[in-house]
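Engineer: Sequence:
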Amino acid sequence: MPTPPPTGPLVTRDDISTQLRLLGVETGETLLVHTSLSSLGWVNGGAVAVVQGLLDALGPSGTLVVPAQSGDLSDPAVWGDPPVPEGWWDRIRATMPPYDPLTTPTRGVGVVPETVRTWPGAVRSAHPQTSFAAVGPHARAITDGHAVDCRLGEHSPLSRLEKVGARVLLLGAGYAACTAFHLAEYRIPAPRVVVGRPAPGGGWESVIEVSISSDRFEELGHDFERDRTVVRGTVGAARARLFPVADAVAYAQRWLPLHRPREEEISHPPV
Numbered sequence: 010m011p012t013p014p015p016t017g018p019l020v021t022r023d024d025i026s027t028q029l030r031l032l033g034v035e036t037g038e039t040l041l042v043h044t045s046l047s048s049l050g051w052v053n054g055g056a057v058a059v060v061q062g063l064l065d066a067l068g069p070s071g072t073l074v075v076p077a078q079s080g081d082l083s084d085p086a087v088w089g090d091p092p093v094p095e096g097w098w099d100r101i102r103a104t105m106p107p108y109d110p111l112t113t114p115t116r117g118v119g120v121v122p123e124t125v126r127t128w129p130g131a132v133r134s135a136h137p138q139t140s141f142a143a144v145g146p147h148a149r150a151i152t153d154g155h156a157v158d159c160r161l162g163e164h165s166p167l168s169r170l171e172k173v174g175a176r177v178l179l180l181g182a183g184y185a186a187c188t189a190f191h192l193a194e195y196r197i198p199a200p201r202v203v204v205g206r207p208a209p210g211g212g213w214e215s216v217i218e219v220s221i222s223s224d225r226f227e228e229l230g231h232d233f234e235r236d237r238t239v240v241r242g243t244v245g246a247a248r249a250r251l252f253p254v255a256d257a258v259a260y261a262q263r264w265l266p267l268h269r270p271r272e273e274e275i276s277h278p279p280v
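For the sequence shown, the numbering used here gives the first residue as 10, with consecutive numbering after it.
Across the chosen pairs, the derived CB separations fall in these ranges: (1) 262 x 146: 26 to 32 Å; (2) 201 x 27: 43 to 49 Å; (3) 114 x 146: 21 to 27 Å; (4) 54 x 201: 41 to 47 Å; (5) 266 x 14: 47 to 53 Å; (6) 243 x 203: 42 to 48 Å; (7) 172 x 27: 27 to 33 Å.
Honestly, the hints are just simulated from the structure, not real lab data. For glycine and all other residues, C-beta sits at the position ideal for the given N, C-alpha and C.
Kindly produce the complete structure, drawing on both the sequences and the hints.
Structural biologist: Structure follows, in structure tokens:
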């Protein structure tokens, strides 16, 4: 059976940059972007055109930041999509390649972040599981100093993004993907968990980390959008939302203790 033709809309690099500016993206600003490529329509040039459009809208003085997570560098005991046999666990731990910011691919964040990670001039933070990649004049200042025992907290790029007044752009992605909410988890009482991963020099290591979970982030985002100013529009066929990192973190810091009790967090395995 032949593949059916695309339903569109046809979206180009220029469409993306123009519509982002109409949404309110400003030349020279810093954006933390979460994307769903498929939601945009039929993009001529795919992820490359999306990154070009984002950079066009930001201009040469703007900085593009994306999550570049590599959650597969984790303990196979907590894998669920898919799980692996328990008999494999020890050998997987012993032979898993260590994190390399230049060569370790992203996982689970989409093709656009992977494209940014490999973009000319891109830099990437040092955390082996929850790194960020960035392009632009402030990229290194945002990604440097990402502590290897701080996935998404005060010593991660999220805290730097908050301090420089960056905004979040959800481009076809929902609030479940909003990593800024995780920074709030570090500022409220939260359980600690043991996180396993490949050690930098080879072998295996375990670190103590704050337990993080995106559970109920969609509900959190719904309430945030109801109570705070969120710029909404469309880019291609995708719903787009634009708001300050600082506003999202502050709102989540108040919302999470009321709506997601600590006991609920404990039931979730580390990610």
